[in-house]
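Make a model of the complete structure from these sequences and hints.
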Amino acid sequence: MTLLRHLAVAIVVAVILALISVQIGSYRDYQMAEVAAYVVAVAGLTLLIGLSGQISVGNGAFMAVGGYGGALLMIHLNWPLELVLLASVVIAAVSGAIFGVAAARLRGPYLAGATLMLAVALPTLADQYAGVFGGDQGLSVTINTPAFLGATFPPTRWLAWVTCAAALIVLVLLANLGRSRIGRSWRAVRDDEVAASLAGLNVARLQILAFVVSAACAGLGGTLLAVVTGIVAPGAYTLTLSIGLLTAAVLGGLGSLLGAVWGSLVLVLVPSYLTNVAASHGLSGAASSSIPIAAYGVVLIIVMLVFPAGIQGGLRRLFGPAAPAAAVPINVLRRRRPASEHQKEGTT
Amino acid sequence: MQEFIEFGLGGIGIGMIYAAIALSLVLIWRGTRVLNYSQGGMAMFTTYVAWVVISHTGNYWLGFAAALASGLILGAILERTVVRPTVGKSPLNSVIVTIGLLIFLEGLAGIIYGGQYRSFPAAYSVRGLKIGTFSLGISPSDLFTAAAVLAAALALALVFRYTTVGLRLRATAFNSSVARLLGIRIGRVLTLGWALAGLFGALAGVLVTPSTFLYPNSMDSIFVLGFTAAVIGGLDSPVGAVVGGVLLGVVLSYAGGYLGNDLVLVYGLVVLALVLMIRPSGLFSSAVARRV
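As you go down the protein sequences, you meet chains A and B in turn. Counting from 102, one number per residue, gives the positions in the first sequence under the working numbering. Counting from 320, one number per residue, gives the positions in the second sequence under the working numbering.
If you are wondering where the hints come from, they were derived from the structure by calculation, not from laboratory data. All of these numbers come straight from a predicted model, not from anything done at the bench. Please note: incorrect hints may appear among the correct ones.
Which residues of chain A face chain B? A partial, calculated answer using Cβ under 10 Å [what the hints assert, rightly or not]:
id, residue
1, L207
2, Y211
3, L226
4, L278
5, R282
6, I283
7, S391
8, G398
C-beta: ideal position from N, C-alpha, C; glycine also.
Following this line, the structure appears as structure tokens:
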């Protein structure tokens, strides 16, 4: 039943998005495609942190894996887009599995440190093997609008359709995964590892699986973003990207897929809006490009101090039904301080 | 042979920088179990303060002192204003808040000082030292760097070991509830810990910037390597931070020297992965069991 409900919602949303994309201009279409690509990556990360309780500061690295993998397949093998997207999921999942196995014993800050190093180190490989990866210039990626849409169909609208469709499919799959046995096991592991393993769950395998899922999502998001922007280059996969993904997941509300959408919207729209405002007030180029960065930092701090459950948590508190008592994590009973709010359930 | 010594000494020099960053992280982690991702941003900002003072007065040491003082003040202010409310909540909250601080400081530096690369003076000559015709591969500036970090670390160790303030810091790190019951004002101790961490970060920033130029992201890669050094050392142990920093510096220097400089960060990842596979909580970590 849940599957059917999620599918029905996705189809309705798809129709609405298609209608919107026809109404808006090509720049807005482009932004829509960008948001959808980020949604895919952020959704995987929010699941990893919010459900399985592991932190990754380096999912940008898996986006790079997906982006470069997809670009190479398109350039050298001329694979069609659907196959490239599927392949990039597989490639990123495999790299996530390798990293997940290596990092399975790491906890908290040690895991954060390892993923941080991964995010910084991986893009330097692109410079080193410039013959394959194109060095600083990167590789350019182009896709063609299919012929049946007609020659006058705007390419950005096609991009928006492709990325939104991919994002909706991923969201439906992840929503079901979160409600499945695996999702419940992840929550059990997150709330108490020892209790979970005593109950017969294989903690290490579940944690690696969460890493694989989030890496696969990041890989797909990376390929989609490469298709949207038309280029893969090391400059796109900096630490800033990884931190941006984390920011979006937290802003939206950890563990909430709808929150991933809010977070991605903020990630794409707010910087360009703030840059425009700053530029229209006659600030110099360097200063106006720094204002969104500073504002971003301020927003992160304020959200964390005032609304630790993120946008989706805030919305739920305002409009949603009162949280049932059973949704309070069992930790509350044992610890002096209540567990923070973003550990509450949420796979909306 | 000459190359071997050159790379080794050069590695110790840069390793002391990583050690200073690692020490600043360990100081905060021990007291509050907060990982300060904004440490690199704080160090960058205090280096800008030094740069402003130096370019106005022309006196290097005035700038040096200004950086250290502003590091102390910045650390204390940040702890009191934005970090304090997150202590005791989920660890993710403090991670996000310090990442937010990092982004804010980098953006603020961009707004105030612009994004261009600026050169930053070194205290002493950066020309390599020689014994006869035998080049050592280090400069007086490197010697000063190593000496300054060592002196600061030694002073910290003495404070920890022999003063009342040090005893309070250790007691709070060991068990803050018990320390509070014994009449230690935890809040002040934590603020002091952040201030000291700000000081070490500022020291690292002033010492490393002559070789990297100064711009809003100038400390990013240094911070990541300092973080790696702290994780290798075990996050809990000041000794581990220094050992981890020097170890990482030397290994990266040899790897970069013999295998090529482009992949230094990848070698760093390999070193980190190897250490953590053998000891998942670092070389010198005191915590054997994980709290469940």
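Do the hints match the structure? See the list:
no.: 1; hint: L207; result: 6 Å, holds
no.: 2; hint: Y211; result: 6 Å, holds
no.: 3; hint: L226; result: 7 Å, holds
no.: 4; hint: L278; result: 21 Å, violated
no.: 5; hint: R282; result: 23 Å, violated
no.: 6; hint: I283; result: 22 Å, violated
no.: 7; hint: S391; result: 3 Å, holds
no.: 8; hint: G398; result: 3 Å, holds
Comparing the model with each numbered hint stated earlier shows that hints 4, 5 and 6 do not hold.
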